[in-house]
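Going down the list, the protein sequences come from chains A and B. 1 is the number of the first residue of the first sequence in the working numbering; add one for each residue after it. 1001 is the number of the first residue of the second sequence in the working numbering; add one for each residue after it.
Incorrect hints may appear among the rest.
Covered, in the sense of this in silico footprint (three residues per stretch, anywhere, with C-beta under 8 Å from a C-beta of chain B), are these stretches of chain A [said to hold, decoys possible]:
#, stretch
1, 94-104
2, 136-143
3, 156-164
4, 201-208
5, 249-256
Worth flagging that the hints you see were computed from the coordinates, not collected in a lab. Just so it is clear, CB atoms sit at the ideal spot from N, CA and C, and this is done for glycine as well.
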Amino acid sequence: MDGREHHTFILAASILPLLGFVAAIVLLWNSVVGVSDLVAFGVMYVIAGLGVTAGYHRLFAHRAFKTTRPLKLFFASAGAAAGQAPPLIWTAHHRKHHRVADKPGDPHSPYGGDEPGIRGLAKGLWHAHMGWLFDEDLDADPMRYCPDLARDKDLRWISRYFVAFVLAGLLLPGLIGLAIGGTLASFATGVLWGGLVRFFVSNHVTYAINSVCHVFGRRRFEVADESRNVGWLSLASFGESWHNNHHAFPRSYTHGMRWYEVDLSAQFIRGLERLGLAWDVVRVDRATMERKAESLARVGGGRHVPHAPPKPLAEQRDLSPAGVADVE
Amino acid sequence: MVTIDEVERLIRERMRGKLPADATVGPGTVLKDLGLSSLQLSDIVFSLEELHDIEFDASKAADVKTVGQMVAVANEALSADGSGDPALTG
Ligand SMILES: [Zn+2]
Ligand SMILES: [Zn+2]
């Protein structure tokens, strides 16, 4: 996709699911929602959610575990079907976000503007939520931030044909609807619920990680940004909303760090590990966490803390996972 | 050897016909001016790596602005590789 196509895609990707959502509400109101619609929604929500959280985020952007090629292909295609961005673009933006979180250069910080008060806050939240996607100068630079991923032929290929994967993500729930309902109408409402409504709900949950989870919520770690842990989003976001934990330990495969911090993606990765389908899973032990929490509390955190951003991956001597330990 | 022609061929392939047939591509051509996105650019650079079985210096590759620079970075990696280009040495 070139710049203009990208802009058209972002526009379509934000307006069509919204219209679908409204249409679905009307149908819901008139109680014409079938079992097939709910199944199509549920299945697609899980596929897209795992693709973005366990795949794009933990496997690719942070290399929190290793897996087989078929599963890598599943994660990358499922993430693409979620419709947020091609894997190489998503991960480049995301690594950049961690590098300079809530400071100049962060692609989606709610603290970029200079307007004070509630208006400034609302503007910041909107920018971090989805406004940043409309920025004309937005440029991901995968060459600089994820040369390791761009070296992967499969990820390049899926990135190149991203739009086809998004369309497949609309078609598949239609087929689920057809398989269960057996009528053309069930195909159409399958596309509506499992495609557009799922697209709308699951993307806004992801967007909320960038907006809500950098403004409201509790901080366990006084890291040099404004990340927060937000409990009520944890189930829907598959654990991504334990975002302060994540900014403190970006490579950890789990973002939930207590037994009561629900993290479905982490459970999925643990399941894969038990089956022998995931290995080299990055874990942080409780003592390390507590030591870090204490030392951070001593210096104090937030976006104004002096912070030397690590070099982008391409500029580091050692591109191996050990060399990028905690920066991504 | 990686040539301007090879890079031009890759560019046209990745842009899927959006680059006018009569547009000229030379050593001084700025890649972004051709309308290549950063994603397409990384696709081309790392496809080149794979085609020639070489490894670029990632930071130099990230700084590439023109077609000529891309060819230079590729050939530098080729000669650093030591084994030479299979296309030349047979
Ligand atoms: Zn964040
Ligand atoms: Zn992250």
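We went through each hint and held it up to the structure:
1. 94-104: violated (count 0)
2. 136-143: With 5 residues close enough to chain B, the hint holds.
3. 156-164: holds (count 3)
4. 201-208: Answer violated; 0 residues pass the 8 Å Cβ test.
5. 249-256: Contact hint for the stretch 249-256 of chain A vs chain B: violated, 0 residues under 8 Å.
The structure fails to meet hints 1, 4, 5 from the earlier list, while all remaining hints are met.
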